[in-house]
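Take the sequences, apply the hints, and build the full model.
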Amino acid sequence: MAKINDTDYLFLSTRIRALERTLLTRERMDRMLDASTPADAAKVLQECGYPEVEQVTVDSINELLSQARERTFDDLYLFAPAPGIIDVFKIKYDYHNAKVLLKSEARGVDADRLLVDTGRVPPEQLQDAVRTSDFRGLPGRLSPAIQSARETLGTTGDPQLSDFTLDQAYFEDMFDLARASGSAFLEGYVRINIDAANLKSLVRTLRMGKDVDFLKGVLFSGGNIDVRRILSAVNAGGAVADLYATSLLRDAGESGAHAITGGSLTRFEKDCDNAVMAYVKDAKYVAFGEAPLVAYLAARENEFTAVRIIMTGRLAELPDDVIRERLRDSYV
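Numbering (the working numbering), first residue to last: 15 to 346.
Keep in mind that a hint or two might mislead.
Unchecked claim - Straight-line alpha carbon distances no greater than 27 Å define the calculated DSSO-like cross-link-like pairs of lysine-lysine that follow:
hint : residue 1 : residue 2
1    : 230       : 57
2    : 295       : 104
3    : 284       : 104
4    : 57        : 224
5    : 224       : 214
6    : 106       : 117
7    : 298       : 230
8    : 214       : 230
9    : 106       : 230
10   : 224       : 284
11   : 230       : 117
12   : 57        : 117
13   : 214       : 104
14   : 117       : 298
15   : 117       : 104
16   : 295       : 214
17   : 298       : 104
18   : 224       : 104
19   : 57        : 214
20   : 295       : 284
21   : 214       : 284
22   : 284       : 298
23   : 295       : 230
What the hints assert, rightly or not - Simulated DEER-style distance windows between Cβ atoms:
hint : residue 1 : residue 2 : range
24   : 74        : 168       : 32 to 38 Å
25   : 153       : 238       : 25 to 31 Å
26   : 171       : 295       : 40 to 46 Å
27   : 128       : 19        : 39 to 45 Å
28   : 224       : 326       : 19 to 25 Å
29   : 122       : 19        : 48 to 54 Å
30   : 171       : 330       : 28 to 34 Å
31   : 150       : 20        : 34 to 40 Å
Worth flagging that the hints you see were computed from the coordinates, not collected in a lab. We treat Cβ as the ideally placed atom computed from N, Cα and C, and that holds for glycine.
Okay, here's the thing in structure tokens:
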């Protein structure tokens with residue numbers, strides 16, 4: 015296969031710069047929060063290219079976001095010199111669907127309503143694979159991961175252990191795809207996501223009073239901060255904040271240390287997500303190449319999260335300050 019150069023992204027980078035102007039800004043978020051009704055809040059989204067919502071409900075907002083995500087992937091697939099980069103962002107929906115299907119199977123309930131269409135594998139195909147136990151043709155590590163997670167769930171009855179098996183394969187799959195793309199920026203994006211996931215596991219483990227052996231079982235390899243370094247620091251009684259003091263997760267490390275002793279998990283998880291967004295913001299200064307594509311995809315996922323937080327909060331009549339506390343930093 016011919017080597018892909020940064021200049022191959024000239025057209026797509028120009029298109030992305032135009033698309034960035036329609037992203038949900040902090041000013042638009044504030045207008046959604048200040049709107050008199052949830053319906054008026056949803057109207058602000060039309061400035062970002064979303065269609066009008068006839069009846070604003072949790073289900074209609076989820077459907078709106080699902081359609082927007084699918085359009086984003088389909089549009090960028092048309093122009094991306096290396097579509098595998100987009101697969102890094104699609105892959106989590108394969109694993110989401112796998113979790114839903116295995117839990118629904120164990121409970122004997124219908125999974126259709128919770129499946130999403132934006133993974134690499136159509137949900138109907140994945141559903142059929144689980145039903146027939148024929149996992150041939152599934153990409154990456156998905157097949158052995160589903161089989162292992164199903165066995166874990168059947169043996170232990172613990173959905174958290176089953177989910178962890180799938181999460182482990184998810185991060186390994188992401189890392190494999192990023193490495194295969196040849197993009198150092200994309201690989202860095204995956205690494206900081208793993209770092210954030212490990213920090214969340216570390217904080218939750220210590221907050222629950224679990225030991226190092228438990229922690230060892232819920233950490234993922236592939237991050238910038240090696241698993242052995244995390245375990246060594248905990249064994250030595252080191253401070254969580256010190257472990258992340260020189261990384262983009264510095265603020266998250268500090269709020270995580272506070273969360274361990276009973277502080278806010280909402281603030282801590284927000285700081286973790288903001289660190290990932292801080293990483294991709296460097297792409298603003300890249301004229302062309304794959305970095306603007308990676309950053310835009312991350313920015314869109316961040317936007318979808320913000321829309322869901324605002325709209326579900328408005329529908330639940332939560333105070334504005336409570337909703338604002340949950341909002342992550344915007345890309346623009």
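Status of the hints after comparison with the structure:
Proximity of residue 230 to residue 57 is assessed by CA-CA distance (about 47 Å); at most 27 Å being required, the pair is judged violated. The hinted pair formed by residue 295 and residue 104 meets the criterion: a straight-line CA distance of about 20 Å does not exceed 27 Å. With a C-alpha separation of about 22 Å, the suggested pair residue 284 and residue 104 falls inside the 27 Å cut-off, and the hint holds. Between residue 57 and residue 224, the direct Cα distance comes to roughly 46 Å. Violation of the 27 Å bound is thereby established for this hinted pair.
Distance check on the hinted pair: residue 224 and residue 214 sit about 14 Å apart at the alpha-carbon level, within 27 Å; holds. Proposed proximity of residue 106 and residue 117 is supported: the alpha carbons are some 17 Å apart, at most 27 Å. A distance of roughly 37 Å separates the Cα atoms of residue 298 and residue 230; the hinted pair therefore is violated under the 27 Å criterion. Distance restraint check for residue 214 and residue 230: the Cα-Cα separation of roughly 13 Å lies within the 27 Å cut-off, and the hinted pair is therefore satisfied.
A distance of roughly 23 Å separates the Cα atoms of residue 106 and residue 230; the hinted pair therefore holds under the 27 Å criterion. The suggested pairing of residue 224 with residue 284 holds, with an alpha-carbon distance near 23 Å, which does not exceed 27 Å. Between residue 230 and residue 117 the alpha-carbon distance is near 25 Å, which keeps this suggested pair within the 27 Å criterion. Between residue 57 and residue 117 the alpha-carbon distance is near 36 Å, which puts this suggested pair outside the 27 Å criterion.
Using a Cα cut-off of 27 Å, the hinted pair residue 214 and residue 104 holds, with the two alpha carbons roughly 22 Å apart. Between residue 117 and residue 298 the CA atoms are separated by roughly 41 Å; this puts the pair beyond 27 Å, and the hint is violated. Pair hint residue 117 plus residue 104 holds up; C-alpha atoms about 21 Å apart against a cutoff of 27 Å. Distance restraint check for residue 295 and residue 214: the Cα-Cα separation of roughly 22 Å lies within the 27 Å cut-off, and the hinted pair is therefore satisfied.
For the given pair, residue 298 sits about 23 Å from residue 104 by alpha-carbon distance, which is consistent with the 27 Å threshold. Between residue 224 and residue 104 the CA atoms are separated by roughly 33 Å; this puts the pair beyond 27 Å, and the hint is violated. As the CA atoms of residue 57 and residue 214 are separated by approximately 35 Å, the hinted pair breaks the 27 Å bound. Simply put, residue 295 and residue 284 have alpha-carbon atoms about 16 Å apart, close enough for the 27 Å limit, and the pair holds.
Taken as a hint, the residue 214 and residue 284 pair is honoured in the structure, with Cα atoms around 11 Å apart against an allowance of 27 Å. Taking the CA atoms of residue 284 and residue 298, the gap is near 22 Å; set against the 27 Å cutoff, the hint holds. The straight-line distance between the Cα atoms of residue 295 and residue 230 is roughly 32 Å, outside the 27 Å bound, and the hint therefore fails. Judged by the Cβ atoms, the range 32 to 38 Å given for residue 74 and residue 168 holds: they are separated by roughly 36 Å.
Between residue 153 and residue 238 the beta carbons are some 26 Å apart, a value that agrees with the proposed interval 25 to 31 Å. In this structure the hint that residue 171 and residue 295 lie 40 to 46 Å apart at CB holds, the actual value being about 43 Å. In this structure, residue 128 and residue 19 meet the distance hint of 39 to 45 Å, their C-beta atoms being roughly 41 Å apart. In this structure the hint that residue 224 and residue 326 lie 19 to 25 Å apart at CB is violated, the actual value being about 31 Å.
The hint said 48 to 54 Å for the Cβ distance between residue 122 and residue 19, and at roughly 53 Å that hint holds. One distance hint, 28 to 34 Å for the beta-carbon pair residue 171 and residue 330, holds here, with the actual separation near 32 Å. Range check, residue 150 to residue 20: about 37 Å between beta-carbon atoms, so the 34 to 40 Å window is met.
The structure fails to meet hints 1, 4, 7, 12, 14, 18, 19, 23 and 28 from the earlier list, while all remaining hints are met.
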